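Below are the chains, spelled out letter by letter.
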Amino acid sequence: MKIKTFIQYLASIYAILFLIIGYVLYSTVVQINIANKRDDIAIAIVKDISELRYLTLDYVLHHEERAWVQWQVKYSSISRNLDQLEPLIRDDKELFNKLQNNKQEIHRSFLNLTSVFNQAQSETDTSLNLIIRDRSLDQLLIKSQEMISRTILLENSSRAELIAAQQTIVAFVSLFFIFFSLGLGIVLTLLNKRIIEPLSELQATIVSIIRGNFNHKVPIKNHDEIGDLAANFNHMVDRLNKSYASIETELNQRITAEQKLRKSEERYRRLIETSPDAIIMCDLEGIVQIADPQALFMYGYQNSDEVVGKTILNLILPDEHELFRSAIKDIIEKGKIENLHYTSLKKDGKRLKTETNASAIYDESGKPEAIIAVARDITQRRLNEKKAHELAAIVESSQDAIIGKDLNSNIISWNKAAERLYGYTEAEIIGKPISILIPKDQPNEENEIMSKIKKGELIEHFETKRVKKNGTIIDVSLTISPIKNEHGKVVGVSKIARDISDRKNIEQMKADFFWMATHQLRTPLSSIKWSIELLLDANKYQISPEVRDKLLIIQTSASRMVDQIKEILSISRMQLFKFAGKKETINLLEIIDALIKDADLIIKKKNIDISVKTEKNTSLQLIANVQQIKDIFQNLIANALKYNVQNGKVVITISSMKNMMQIAIEDTGIGIPSSDRDKIFTRFFRATNVKDSEGTGLGLALIKEYINMMGGMIRFESSENKGTTFYLTIPYDTLKL
Amino acid sequence: MKTILVIEDDQQTQEMYKQLLESENTQVLQATIAVQGFDIIHKTKPDLIILDIMLPGGTNGFDFLEQLKRDENNKGIPVIVLTNLESEEVTAISMGATDYIVKTSASLAEIKEKVMKILEGDRK
Chain G
84 MKIKTFIQYL
94 ASIYAILFLI
104 IGYVLYSTVV
114 QINIANKRDD
124 IAIAIVKDIS
134 ELRYLTLDYV
144 LHHEERAWVQ
154 WQVKYSSISR
164 NLDQLEPLIR
174 DDKELFNKLQ
184 NNKQEIHRSF
194 LNLTSVFNQA
204 QSETDTSLNL
214 IIRDRSLDQL
224 LIKSQEMISR
234 TILLENSSRA
244 ELIAAQQTIV
254 AFVSLFFIFF
264 SLGLGIVLTL
274 LNKRIIEPLS
284 ELQATIVSII
294 RGNFNHKVPI
304 KNHDEIGDLA
314 ANFNHMVDRL
324 NKSYASIETE
334 LNQRITAEQK
344 LRKSEERYRR
354 LIETSPDAII
364 MCDLEGIVQI
374 ADPQALFMYG
384 YQNSDEVVGK
394 TILNLILPDE
404 HELFRSAIKD
414 IIEKGKIENL
424 HYTSLKKDGK
434 RLKTETNASA
444 IYDESGKPEA
454 IIAVARDITQ
464 RRLNEKKAHE
474 LAAIVESSQD
484 AIIGKDLNSN
494 IISWNKAAER
504 LYGYTEAEII
514 GKPISILIPK
524 DQPNEENEIM
534 SKIKKGELIE
544 HFETKRVKKN
554 GTIIDVSLTI
564 SPIKNEHGKV
574 VGVSKIARDI
584 SDRKNIEQMK
594 ADFFWMATHQ
604 LRTPLSSIKW
614 SIELLLDANK
624 YQISPEVRDK
634 LLIIQTSASR
644 MVDQIKEILS
654 ISRMQLFKFA
664 GKKETINLLE
674 IIDALIKDAD
684 LIIKKKNIDI
694 SVKTEKNTSL
704 QLIANVQQIK
714 DIFQNLIANA
724 LKYNVQNGKV
734 VITISSMKNM
744 MQIAIEDTGI
754 GIPSSDRDKI
764 FTRFFRATNV
774 KDSEGTGLGL
784 ALIKEYINMM
794 GGMIRFESSE
804 NKGTTFYLTI
814 PYDTLKL
Chain H
43 MKTILVIEDD
53 QQTQEMYKQL
63 LESENTQVLQ
73 ATIAVQGFDI
83 IHKTKPDLII
93 LDIMLPGGTN
103 GFDFLEQLKR
113 DENNKGIPVI
123 VLTNLESEEV
133 TAISMGATDY
143 IVKTSASLAE
153 IKEKVMKILE
163 GDRK
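Protein chains in written order, with this note's numbering: chain G, 84 to 820; chain H, 43 to 166.
Note that these hints are calculated values from the structure, not bench results.
Just so you know, these numbers come straight off a predicted model, no measurement behind them.
Heads up, a few of these hints could be off.
Unchecked claim - In the DSS-like style, the derived pairs of lysine-lysine whose C-alpha atoms are separated by at most 25 Å in a straight line are: (1) K499(G) <-> K412(G); (2) K60(H) <-> K623(G); (3) K732(G) <-> K699(G); (4) K156(H) <-> K649(G); (5) K649(G) <-> K787(G); (6) K157(G) <-> K120(G); (7) K470(G) <-> K436(G); (8) K687(G) <-> K732(G); (9) K805(G) <-> K687(G); (10) K499(G) <-> K548(G); (11) K548(G) <-> K587(G); (12) K649(G) <-> K154(H); (13) K696(G) <-> K732(G); (14) K623(G) <-> K156(H); (15) K450(G) <-> K417(G); (16) K159(H) <-> K623(G); (17) K552(G) <-> K587(G); (18) K154(H) <-> K623(G).
Extracted from the complex, chain G is given alone in its bound form:
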């Protein structure tokens, strides 16, 4: 509730209250007056009646005229008083009427008396007169006594009324004071609670705001005028706060902008200082105004005084002055020039190949006032370019196809030999994926190559197939190496491809020849073998012991020949499989176990103790060409058995190191003579201590070739007549085929 409304209500209530009290007091006072008057009149009446009684007695006893006159006077005084009393009577009308009656009866009695007295003077019957006189006197005295009693009654009631009125006044005056105090109390409390307290809070808030706390709010307790004032004050502070905040933000922005500007200035300054380019500012006449440290360094000067204030032509070879002058004209006309190449002159007279970009600087009116030039020493670049040209020429003239590709396998360079080999021109193929050269049946090859290359590995002499533009499949040998940037990061791939179709054809023909020859050789050999078998059948033919001996020699030789042919056949097959077959996941232990089982005959014959050990936590899974792995271990195990002594030992140990599997095959055989150790992996080489028969000298040569192709290694340790250990390292995921 608003204070104003509240005060209005309070004032109205009090006005009504005071009106009532005033009216009551006023009417009480009036009542007192009336009662007083009535009392006075009653006293007068009583006094008059008493005197009237005495006058009556006087008159009766003495018959004095004076008494009669006085009686008349008193009587009229009583009548007058009664008349005056009448309007003052309210409740006791009956009493008043009785008083009036009494008065008339007194009057009548007095008249009776007077007539008795008058008759007594004229008539003789005095006894009757006496009776009448006494009766009238009695009557008069009784009535007057009655009247006195009644008047006293009236007076008493007036007195009572007076007392009551006095009590009323006391009560109402007290009431007035109580209400007044109450009102005062309410008003004072209200003043304190609703005005003084909020005002002091407002004051406190104002003080707080003056001290800078703009977030201070005046608490709003009531929705009255002070409350409204507080709310408006808060609103005002809010507005102030907002505008203050926006001013502050703007200020901060300005400060930040200024800082940024300073920073960017600093950055530009640093940029200029650290720029590898020389930055020179000169006026339109070519007089140098500013030269940065790099410019001084580039042109071989120690301090700027040597350059500043002098013509820029000092820095240029005299032959080029004309070119430079026209360049300045161009700058003034066009605003800038780019890539101006000329020869500069160093302080010591040496020449510099430079490339310059320059632009004009304008004054406020838009007229050019200076030139800023950025010059770069391109001597080294020119040399590099020359070197690059030479390298490019080498690449172009190479007989091998040299192809560059990015890490996404898109072709980025292509030489003449590549064009000759694949049939695509440079223009046709640049930007195309390398996959268009890869046959459809080798879809994973590129991914495998790239995953190795991305690790920074080199792939050498990788023999595979490629498709020419005309669709022909050709055999190629690839050497693939990563192209690294100056930080050693692989950024691309270089591929050198050689057409090995001819070589492959020869190899194939060779392999075919081996195969055909051995096949055809074995057929007559079996005839020989079987014929001797028939001849030696003692039951059928009678042959002398001598002939039998010779036949046995023929039979042994034939068997040896069969074995040798078998080996050649196996090698030729290995040659054939060198370029065929696909990789799969294989378990090496299973393969070795199977191979040992196959060799059971010789193991039993020589009574060899053969065992396979696997180191803890060694994975036995390889991803490789199963036939190649079989060939490798078949040969090595066969050698370990073949060249072993009677009752010898063979131990195969499988372990792993990083992503490679390591296998050691240790035997207790004849060993490899130290003089032969360099040649052991050479084709057709056979160790000098290998006496009887078997072997072509091809086995180890091919094994080494296989293992190298897989990205592995083979080496051996040997001690003559003690044994040999071959150590193999094969990647878990082999390279190719």
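Here the structure of chain G is known, so what remains is to put chain H in place on it, guided by the hints.
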């Protein structure tokens, strides 16, 4: 009377088989190329075929075996494959050959045993 067809281009080997296998109960028929072999099969259905892999005339043993297995009338005839290469044995068996003989490894006794086993098995 059992009939054995030997398809083998080497005359000497052919003779070896004839001497080894022919008796009062067994007749040996000879062919040197695949076409000839088929002619004989169509005339007299043999009880066993001994088949060399290396055959002249453009159709080798494997091709012959493949054609034979497509011939509804004759695909049931047992075939022993003659080979010089151990690695070819598996191929032969997978193509439906009943057995195989590695020429240089097998002795005559073994060959005879294999042949007789098939013929007798057939008789039963």
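When you check the alpha-carbon spacing of K687(G) and K732(G), does it fall within 25 Å? holds (12 Å)
Between K450(G) and K417(G), is the straight-line Cα distance small enough, at 25 Å or below? Since the Cα atoms of K450(G) and K417(G) sit roughly 12 Å apart, the hinted pair holds (cutoff 25 Å).
Straight-line alpha-carbon gap K60(H) to K623(G), limit 25 Å: It holds: about 16 Å lies between the C-alpha atoms, which stays within 25 Å.
CA of K732(G) to CA of K699(G), is that 25 Å or under? Distance ~23 Å between K732(G) and K699(G) Cα, so the pair holds.
Is the hinted pair K805(G) and K687(G) satisfied, with a Cα-Cα distance of at most 25 Å? holds (21 Å)
Between K499(G) and K412(G), does the CA-CA distance stay at or below 25 Å? Distance of about 46 Å is beyond 25 Å: violated.
Take a quick look at whether K548(G) and K587(G) sit within 25 Å of each other, Cα to Cα. holds (11 Å)
Straight-line alpha-carbon gap K156(H) to K649(G), limit 25 Å: Within the cut-off at roughly 23 Å; holds.
Does K623(G) sit within 25 Å of K154(H), going by the straight-line distance between their CA atoms? holds (16 Å)
Run the distance test for K157(G) versus K120(G): straight-line Cα separation, threshold 25 Å. Judged against 25 Å, a Cα distance of about 19 Å means the pair holds.
Quick one, are K470(G) and K436(G) close enough, alpha carbons at most 25 Å? Holds - the C-alpha atoms of K436(G) and K470(G) are around 16 Å apart, at most 25 Å.
Pair hint outcome, K623(G) versus K156(H) [Cα-Cα no greater than 25 Å]: OK: K623(G) and K156(H) at ~21 Å, within 25 Å.
The structure fails hint 1 only (numbered hints given earlier).
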